[in-house]
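Chain Z: place on chain S using the hints.
What follows is the residue order along each chain.
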Amino acid sequence: MKKSILLLLFLLILSSVYAVTQTETIFSEAITSYQEKDYQTALKKFSLIENEGIINADLYYNIGNCYFRINEMGKAILYFKKAIKVRSDHQAARRNLKYAFTFTKDKQNSENESVIRSFWLKTFDSLSINFLAIITLAIFLIIVMLISIMIIHYKNRERTVPLFLTTIFIFLFLAFFIISILKWQEFHNDDEAVLLSTSAIGYSGPGEDFTRVFTIHEGMIFTVERDEDNWSLIKLENGLGGWIKKDTYVKIEL
Amino acid sequence: MKKIIFILSLLLTSQLLLSQEIEVESYVDKTKIGISDRVKYTIEITGEKVGHISTPKFPKIKNFRNLGSSSSSSSNYSIVQGKMTSKITKSFTYTLRPLKIGNFLIPPITIKIKNKSFTTEPIHIKVSEGTTQATPPTSSSFAKQPNSTSNLSDNLFLIAKVNKNNVYEEEPITVEYKLYSRYDISNLAFAGDTNFEGFWKEDIYKPESISFDRETYNGIMYNVMLMQSVALFPTKSGKLKIPSLSLNVDIRTQSHSFFDFGTTKRYNIKNKPTTVKVKPIPQNNKPTSYSNAVGKFKISSNISQTQLNVGDSFTYTITISGTGNLKQFDIPKLKEVNNLRFLDPEITTDINKNKISGKKTIKYLIIAQEKGNFTLSAVPFIFFDTSSGKYKTIQTKPYQLKIGEGDLTFVANSAAQSIVSMEGSDIGFIITAGELKTKNIYYDKFFYWFIWIIILLFIPLSILYSKEKTKLEGNVDYIRQKQANKILKKYMKEASTLAAHDDPDFYAAAQLGLSSYLADKLKEPRGSSTDNIISSISLKNIPKELIDKIKKLFETCDQARFMPGGFSKERIEADFQLVKGTINEITKCKF
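Protein chains in written order, with my numbering: chain S, 1 to 254; chain Z, 1001 to 1591.
If we strip away everything but chain S, and leave its shape as in the complex, we get:
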């Protein structure tokens, strides 16, 4: 009995190791294809790994690069966005996304933000969600320790110093906790979508007989507010809203 269990465990480990090495060989094959400028093959191989159910920023980034090379800007933007979604501190993906935006017909991501807002965004983006999770946990641990020490060791009058320290840490904790919540919300927000067809017309209602409101082109990023049959109500970055066909876009979700 014990032997069979051990054997089973061994097989399990072996198979998982094998799977890992297999994806790794596919990955390195894809990279050589990319280096030989065979972007189609590279894309096919990267997609193979993606279909394994692996969620990885670097992988998404590479797929985005492949799509960029074969001039599918919509998909390139989609994958760069995905990479950033997984790891918001992925600077390479951010740079490429910005560059890919210059190839789209519609101008987006207006950079004319205020200094404070851009500073906030920069800090916000440079912190990855897991890093935040660890920091929050560490601060929480420190606070709990401080409180415990105060409870056990200090009498009322002697508590001023630890009390002061605790307050500082509580503020820090709140700040990080709020950022974490925002980050987490952003991560799980799947309302954002990228237009993949070359152009789409936004109507005032779900149907082509409504008034035309706007025309957007491949690579445009917008939020989807609700669906109705084959139509979706979307909201553009500049506040414009309209109904477009559902099959023209893909949501940025993992």
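These aren't lab readings, by the way, just hints derived from the structure by calculation.
Hints are supplied without guarantee of correctness; some may be wrong.
Partial list, derived from the structure: chain Z residues whose beta carbon lies under 8 Å from chain S [unchecked claim]:
1) I1427
2) G1428
3) T1438
4) I1441
5) Y1442
6) F1446
7) W1452
8) I1459
9) I1463
10) S1568
Please read all numbers here as calculations on a predicted model, not as lab measurements.
Heads up, the beta-carbon is just placed ideally off N, CA and C, and yes, glycines get one too.
Below, chain Z without anything else, positioned relative to chain S:
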């Protein structure tokens, strides 16, 4: 700039006059006359010291009779930079009467001035029947008033002078538009823009103010003004039309009476259009590295040094000069030499005032990067030679470079350095070494929150702990029990030091320590007698031997206290060991 040129030209003319330049010119007042008309033939001598010249003898001319002569002179003084120059114009006018009908020639006349001969230009005169002029010309031959259209075209016209009529594509031609007039012109204006279709145009000259020169044209003296001068580069082949210039000319009419101040009349004149034949550049056997240059060029090169050290830089200059489309052609390509770094060349194009000739200078800065002997090969330049109608290759001469070992630390000459500029942008390269693991989001994991709960548990635990502590702290016996060990330790320390010195006070210390310890442990009041302690200790679950031992110890101590000095060194030592052993046993017991 224009001003400087103006002053320079003035200086030049004055210089010419100083050198006693004499000009002789001849003209008539009209070339088409009737048999009953008269022709005024004028010889004009201009120079510095011509005032004393007497009327030249007029030779006999066939078919004309000399009716007499008159002379006049005018002086023109000018002061340039404090120097005064005078220019005297002496004109001799002969009145000639035609004798026959037909086309005649006034032959060139030779005039000798100061042992120098001057010959005038021959003039054609057409004599027809009757008279061409209703009224005889008024006093002067200029400032006439146009009275008929036929007359107008003779006395006011625009001519386009083209320097070449048969050119190749891209071969420049120059066109001069000149206004000839014998009227008193009060104002001039261009009537609309001229569109040079099929040409690349470069302006050479455009007048800024109205100013006339005197010039004879077909034997008649006119007031002449250069209206426009352009260089044209044909951009296609075929028969290309050179567009005509259109001018609005205001002519002042002569006053007839004292109260008539004269009126101005506007005339629109255009020159006759001309065409230029443009041949295409032959496409067959066109060299591959043809530079698109058309014209006639020369090439020269220059190098700043041929012996240098690693890290040094030198300049290599190629100059292409000549006539043609200097602005349009491609610069010759340099054959790159390994170990020499060529920086981007500095190209300057200097075009002469005539817009069709000039030079192009290509200046390379080259940095030597390795020692050795290198050859800077000859640079070929292929252009289409318009005079021969063939492609022509000219080249620079090759240079031998000797590069010696310089400072081993390669320091780029600061003049050769340049700020790195962006040459292009692209997406970043793919990530080749990535961990292919699905990244977990800690916030979504149970384990992460489990740690939070565990940490949070510290608070109730510490509260419980502190509560327990305060509860115990309120209990006196608990404190005494806790403190018992401390007291025992204190006394035993004292006792051990005393024992080491064989001091009999050791017994007192040992007894006090032991009794207080036991009292605390047994919750007896402090300072209870040894008997009390013994009796209460026997109630506890403590082995009988130990109780006997304690009893014995107390007795020994009592004895020692009343018999100071009665104990030997060995005895004290043995008793100390006994006390230690007993205490060890006691602390192990549970009370």
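Consistency of the hints with the structure:
no., hint, result
1, I1427, "4 Å, holds"
2, G1428, "5 Å, holds"
3, T1438, "5 Å, holds"
4, I1441, "6 Å, holds"
5, Y1442, "4 Å, holds"
6, F1446, "13 Å, violated"
7, W1452, "7 Å, holds"
8, I1459, "6 Å, holds"
9, I1463, "6 Å, holds"
10, S1568, "52 Å, violated"
The structure does not agree with the numbered hints 6, 10 stated previously, though it agrees with the rest.
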